[in-house]
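One-letter residues, chain by chain:
2 protein chains.
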Amino acid sequence: MDSDYGIPRELSDLQKLRSLYQPQLPPCLEGTAVRVEFGDTTTSLDPADAHTIARAFPHTFGKPLAHFFRPTAKVPDAQVITEHPAVRVGLVFCGRQSPGGHNVIWGLHKALKIHNPNSTLLGFLGGTQGLFAQKTLEITDDILSTYKNQGGYDLLGRTQDQIRTTEQVQASLAACNDLKLDGLVIIGGVTSNTDAAQLAETFAEAKCPTKVVGVPVTLNGDLKNQFVETNVGFDTICKVNSQLISNVCTDALSAEKYYYFIRLMGRKASHVALECTLQSHPNMVILGEEVAASKLTLFDITKQICDAVQARAEQDKNHGVILLPEGLIESIPEVYALLKEIHSLLRQNVPADKISSQLSPWASALFEFLPLFIRKQLLLHPESDDSAQLSQIETEKLLAHLVENEINMRLKAGTYKGKKFNAICHFFGYQARGSLPSKFDCDYAYVLGHVCYHVLAAGLNGYMATITNLKNPVNKWRCGAAPITAMMTVKRWSQNPNSLSVGKPAIHPATVDLKGKAYELLRQNATRFLLDDIYRNPGPLQFDGPGADAKAVTLCVEDQDYMGRIKKLQEYLDKVRTIVKPGCSQEVLKAALSVMASVTEVLSVMSSSPSPSGAQTL
Amino acid sequence: MDSDYGIPRELSDLQKLRSLYQPQLPPCLEGTAVRVEFGDTTTSLDPADAHTIARAFPHTFGKPLAHFFRPTAKVPDAQVITEHPAVRVGLVFCGRQSPGGHNVIWGLHKALKIHNPNSTLLGFLGGTQGLFAQKTLEITDDILSTYKNQGGYDLLGRTQDQIRTTEQVQASLAACNDLKLDGLVIIGGVTSNTDAAQLAETFAEAKCPTKVVGVPVTLNGDLKNQFVETNVGFDTICKVNSQLISNVCTDALSAEKYYYFIRLMGRKASHVALECTLQSHPNMVILGEEVAASKLTLFDITKQICDAVQARAEQDKNHGVILLPEGLIESIPEVYALLKEIHSLLRQNVPADKISSQLSPWASALFEFLPLFIRKQLLLHPESDDSAQLSQIETEKLLAHLVENEINMRLKAGTYKGKKFNAICHFFGYQARGSLPSKFDCDYAYVLGHVCYHVLAAGLNGYMATITNLKNPVNKWRCGAAPITAMMTVKRWSQNPNSLSVGKPAIHPATVDLKGKAYELLRQNATRFLLDDIYRNPGPLQFDGPGADAKAVTLCVEDQDYMGRIKKLQEYLDKVRTIVKPGCSQEVLKAALSVMASVTEVLSVMSSSPSPSGAQTL
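Chains A and B, in that order, are what the protein sequence lines are.
Following the working numbering, the numbering of the first sequence begins with 325 at its first residue and continues without gaps.
Following the working numbering, the numbering of the second sequence begins with 325 at its first residue and continues without gaps.
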C-alpha cells in the first residue's frame with residue numbers, strides 16, 4: 325500500500341501550471357531571521373473552564389501567545405532568533421483530506437531548508453498508522469514537485485483520524501524518540517488538534533524533547549475561535565460546491581419543475597452550507613444551528629419547507645434549490661435523542677436488527693415512522709467523535725419524502741395549488757474534497773507551513789500555527805501561534821439533578837454564530853433568496869482573472885482580527901504605564917486609578933457572565 | 325411563470341467576463357454574402373431503410389447536402405446569396421437544457437441582423453408549450469447581454485420534449501402561420517430533431533412557407549452520424565464531470581479505503597462515460613454498449629467488478645473509482661426484458677403494487693431478487709421515448725450492493741483477502757447540466773446559430789445545421805446542412821417468426837462504436853487504468869490558459885470529417901469527367917470504364933451488406 329505514496333504524478337496541463345505557482349510570504353516571514361514576541365499568558369474562552377483545563381494540561385496550559393515580526397520591526401521585548409541549528413521534523417496527515425494539505429508540507433520544507441539546509445523533514449506514510457509504525461518518507465524538492473498546489477493527501481496518505489488511546493500515544497512518543505524528532509507537525513481539524521495538545525502534554529511530562537505543533541486544516545471550517553479565522557480547505561470546498569449548486573440553480577430555472585434538495589458535507593456545524601448560500605443564493609438553507617436553537621422538530625422543518633414551496637407556487641414558481649448541512653439530522657432534538665439511544669445500544673453490542681425493540685417507547689415510535697432507508701442509516705455505528713455517520717445519512721431524501729407527502733396532502737385539501745411536486749436529491753461532499761486547492765488555500769497552507777517552522781524554532785510546544793487578518797492581502801497577514809489548550813472548552817451535562825458530568829477538555833467544533841455578521845447577512849437576504857430567484861453563479865474554480873482572488877464571504881464579513889486587537893490592547897496598557905510612571909502628578913494618578921477601577925469592574929462582570937458563544941451543552 | 329424569462333440576470337465577475345467573450349466565425353460565414361453549393365442528393369445510412377423513409381417523408385427525403393463557402397471561394401456551380409429580405413424567425417428550446425444553448429440564439433440573432441437589420445427573431449417562452457400557445461419574446465441585443473456564453477436555458481425556458489401528437493403539430497403549424505414565420509429553429513437532441521423533420525414534412529405538405537431547421541444540442545452526445553460530429557453541451561458536461569471524477573480519484577487515493585461507484589447522465593448511450601474515462605482515467609468503466617454486445621447479465625457484471633476489486637486487493641489497493649453510464653441498466657438483457665414487461669403493464673394501467681404478481685415467472689423472480697429501492701425505481705413510468713427513467717434508477721447503488729455481497733462471500737471463502745469493501749455512490753448529472761459552457765461549446769453553438777440563418781436564407785426545409793472538421797481550429801471548420809431525414813434509421817423487430825414490425829423512421833441515439841478509435845483507445849489502456857491508478861486530473865473548467873482550448877478526446881481521436889470526404893469524392897468524380905470528356909482517346913476511355921466497373925461493383929457489394937454501425941435491433 326505504501327508503495328504508492330510520494331511517487332511522482334502525471335500532471336495535466338492545468339495541474340502543471342498550478343505546480344509552478346509560487347505563493348507569497350507576508351513580510352514578517354521573509355528573510356532568515358525572525359523576531360518573536362510573546363504576548364500575555366492565555367486563558368480559556370469560558371473562565372469557568374480554565375481550572376479544569378489547567379489540571380488536565382499542567383505543562384501546556386496558560387502559555388503566552390506568540391507573534392512573529394520582521395527583525396527590523398520596532399517591537400520592544402521581542403526576541404530575535406538568528407541561530408538555526410539543523411532540526412529533524414516529522415509531519416503527519418491526521419484528519420480527513422482537505423484541499424491545500426500538501427502546501428503545508430511544502431511551506432514547512434521550504435522554511436526548514438532556508439534556515440538550515442541540513443534540516444530534515446520526514447513525512448509519516450499512511451497517516452497516523454505510519455506514525456505509530458514509524459514509516460517515513462524524507463521530503464525533498466524532487467518529491468514535492470508534482471504535489472505543489474495540488475489537491476488530496478496522496479503524497480503521504482491518511483488513515484485513522486485519532487491519536488488517543490494509550491497505545492497510540494505511547495507509539496507516537498516512541499516514534500518521536502526513536503526518530504530523534506525535534507518537532508512533530510499534526511495536520512487536521514478539531515479532533516486531531518485536540519490530540520496534538522494531549523501529545524504535547526504527554527511529551528512534556530515524559531521530558532521528550534519533541535515539540536508538537538498543530539495546523540488548522542479541515543474542510544468543515546469548524547476549527548474557529550479567537551485565534552483561528554478559517555481553516556485550510558474550507559475556501560476550496562465552498563467554491564467547488566457553490567459552482568455545483570449554481571449549476572443546479574441554473575438547471576432549476578431552465579426546466580422550472582424540480583425542487584433540488586442538496587446536502588453538503590461539513591460535519592456537525594453548518595459553515596459550508598452558510599458560505600455556499602452566501603455564494604450561490606439558493607432559495608433556502610436550513611442550518612443545524614437554527615434548528616438546535618429553536619428546537620425545531622422534523623415536523624416543523626417539513627412544514628417550513630412546505631410553506632416555502634407553497635409561497636413560491638403562489639408566484640407560479642414550481643422549482644427551487646434547498647441546501648441542508650449534513651449535521652442537520654443531529655440537530656433535530658427528537659432525532660438526536662433517538663440517535664443517542666441507538667448508539668448506546670450499539671455500544672452494548674445489541675445487534676442492529678434487535679435495536680428497534682429495545683428503544684424507549686417514543687424513540688421507537690419515531691423510528692418506526694421513518695422510511696426504511698433512513699432507519700438503516702441511523703443504525704450505523706457512530707464515528708470516532710461519537711457523532712452519527714453524517715455522510716451516510718440521507719437527510720435530503722428524508723426531507724424530500726416528508727415534504728412530498730405533506731404537499732400532496734395540501735394539494736388534496738386545496739391549500740396548495742401549485743404543480744406536482746418533484747424532488748431531486750444530491751449529496752455534495754466527496755466530489756469537492758479532492759479538488760485542486762483555490763489560490764487562497766494554496767497561500768494559506770503554504771504560509772502556515774512556514775509558521776510551523778518558526779513555532780518550532782521558538783521552542784514552543786502544544787501550539788497551533790495561526791494566521792490572522794486573512795481577509796486582507798497576504799502582505800497584511802499576521803503570523804503567530806496560540807497554545808492549543810487556550811482553544812479548549814469543557815462540556816458539562818446533567819443526566820439527573822444530582823450529578824453533573826464534566827467532559828474532557830477539547831477543542832469543540834465551532835458552530836455558526838447566530839449573532840454573527842455572516843448569519844445576519846443571510847437573514848437580511850433570506851426572503852429575496854426564497855422568492856426572487858436571485859441565483860448567483862461564481863462559476864467553476866478559476867486560478868486567474870475574476871473570482872480567482874475571491875475569499876469566503878463569511879471570512880470577509882466577520883470582523884475577526886482578534887490577534888490584532890490583543891496587540892492593540894497591549895499597546896494601550898503599555899501607554900498607560902508610560903504615562904503614569906512614578907513621578908507623575910497626583911491628579912494624573914488619581915484619574916488613572918478611578919478610570920481603571922471602573923474599567924476592571926465592568927470587565928470582571930462581563931467575564932463572569934456566561935459567554936455568548938461559549939460551551940455548548942448539547 | 326413566464327415573467328421570469330428573458331429578464332436581465334445579475335452576473336458574477338467571472339460571468340461578466342464570460343459575457344464579453346466573442347466567438348470567432350469561420351471564414352465561410354464572414355461578410356454579408358455567402359455562397360451555397362448543393363452536393364449530391366442524400367440517402368439513408370442503411371439502404372434498406374431508404375424506401376420506408378422516403379414514403380414517410382415524400383417532400384423532404386432525398387434532398388442534397390448544402391455546403392457554405394466564402395463568396396470568393398473558387399467553387400463551380402455555387403450559388404451566391406446576396407439578397408437578404410427581412411425575415412421573421414422563431415426559435416424554441418425543445419430538448420433538455422444543455423450548456424451552450426443560449427449561444428445558438430445569439431449567433432442566429434447576430435446573423436439575422438447583419439444581413440438585414442429589419443429581420444426579427446422571436447423566442448418561444450417556456451419551450452414547446454410556448455410554441456403551441458404562441459407565447460414569444462422578441463430577441464434583442466439588450467436581452468441577450470446577460471445570457472451570452474452563459475449556461476442553462478433560462479432565457480426562454482423549456483417544458484416538454486416533444487412536438488409529436490396531431491394537436492401539437494397542428495398548434496405548431498398554426499403558430500408559424502399566425503406569426504408569419506419564415507423559419508422555425510428547433511434546438512434539441514435526437515427526439516427533437518426527429519420531431520423537427522416531421523414538422524418540416526407536415527409544413528411542406530400543408531404549403532406552409534415556414535422552413536424548419538434543427539440544431540444538434542444535447543449533452544448526451546448521442547446525435548452523432550455521418551454529418552454530425554458532436555453536439556453542443558457534450559464538451560462542457562464531460563469537462564465538469566471529469567473535474568468531479570478526478571476529485572473523487574484524488575480522494576480515493578488519499579484515504580485508500582473507498583470504492584466510488586459513479587453513475588453519469590447521458591441517456592441510453594455511453595458517450596459521456598467513455599469521454600470522462602478518457603479524460604480522468606478512473607479504474608474502470610462499464611459501457612452499456614459492451615454489456616449489450618456481450619449480453620452480460622447482472623451476475624456477469626458483478627463478477628467482473630469483483631474480479632477487478634480482487635486483482636487490486638492483491639496489489640494492496642483497497643480503493644477505486646468505477647464509472648457507470650445511466651443507460652447501463654437498460655443494456656442488461658434480463659433487466660431490459662423485465663422493464664419491457666413492467667412498462668407494458670403500466671401502459672395497461674396496472675397499479676404499481678399489482679405489477680409484481682402479473683410478471684412472467686422469471687421476470688418476477690428477477691424482480692423479487694432485486695433490493696427494494698431498485699424495485700421502486702423500475703416501477704416508474706417510462707419516458708416519452710419509451711425508455712425507463714434512467715436518471716432515477718440508482719444502478720450504482722444496485723451494483724455496489726451486489727458487489728459488496730459477492731466480495732463478502734469471497735472473503736468468507738478465502739478467495740478475497742483484501743480489506744473490508746466500502747462503497748460510496750454518486751450520480752453526476754444535474755450538477756453539470758447548468759454549467760457555464762466551455763469555450764468549445766460557446767464557439768460551436770454560436771457558429772451553429774449563424775449556420776441556421778444561412779440554411780434559412782438558402783430556403784432549405786427539414787435540414788439540420790452542421791459543422792464538421794471540429795477537431796481543428798474554428799478557421800478550419802466546414803459549415804453546411806444536411807437533410808434530417810438522411811440521418812434516420814428504421815427499427816425492425818420480430819415478436820414472433822411470422823410478423824416483422826417496422827418502426828417509424830427516426831433519428832436514433834448513436835451508441836458508442838465498439839469498433840471506433842475512441843473505444844480502441846480505452847481498451848488499450850484498460851489494464852493500466854484498472855491497476856496502476858494513473859488518474860488524470862484536467863482540473864476545473866477554465867476559460868483561459870492550459871486546458872481552456874482542450875477538446876473532447878473522443879472528438880479528436882475519431883477520424884470523422886465525413887463532409888470533407890464527400891467533397892473530396894466529388895472532386896475526383898468531376899476530375900474523371902473532365903479527363904474522360906468526349907474526344908478523349910479510346911485507351912483512356914477503356915481504362916476508365918474498366919476501373920469504374922470494378923469500383924462500382926465493390927461499392928455495391930459493400931452497400932448491400934448490413935452496415936456495421938447501422939440500425940440497432942434492441
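Be aware that one or more of the hints could be misleading.
Unchecked claim - Straight line, CA to CA, 25 Å or less: simulated SDA-like cross-link-like pairs of lysine to any residue: (1) B/Lys581 x A/Gly840; (2) B/Lys581 x A/Ser715; (3) B/Lys744 x A/Asp485.
Said to hold, decoys possible - Reference excerpt, derived from the structure (chain A facing chain B, CB under 7 Å, subset only): (4) Asp337; (5) Leu338; (6) Leu683; (7) Pro685; (8) Leu760.
Simulated from the structure, these hints should not be mistaken for lab results.
C-beta: ideal position from N, C-alpha, C; glycine also.
Requested in this report: Run the structure past the numbered hints and jot down the numbers of the failing ones, going up.
Outcome: Those not satisfied are hints 1, 6, 7.
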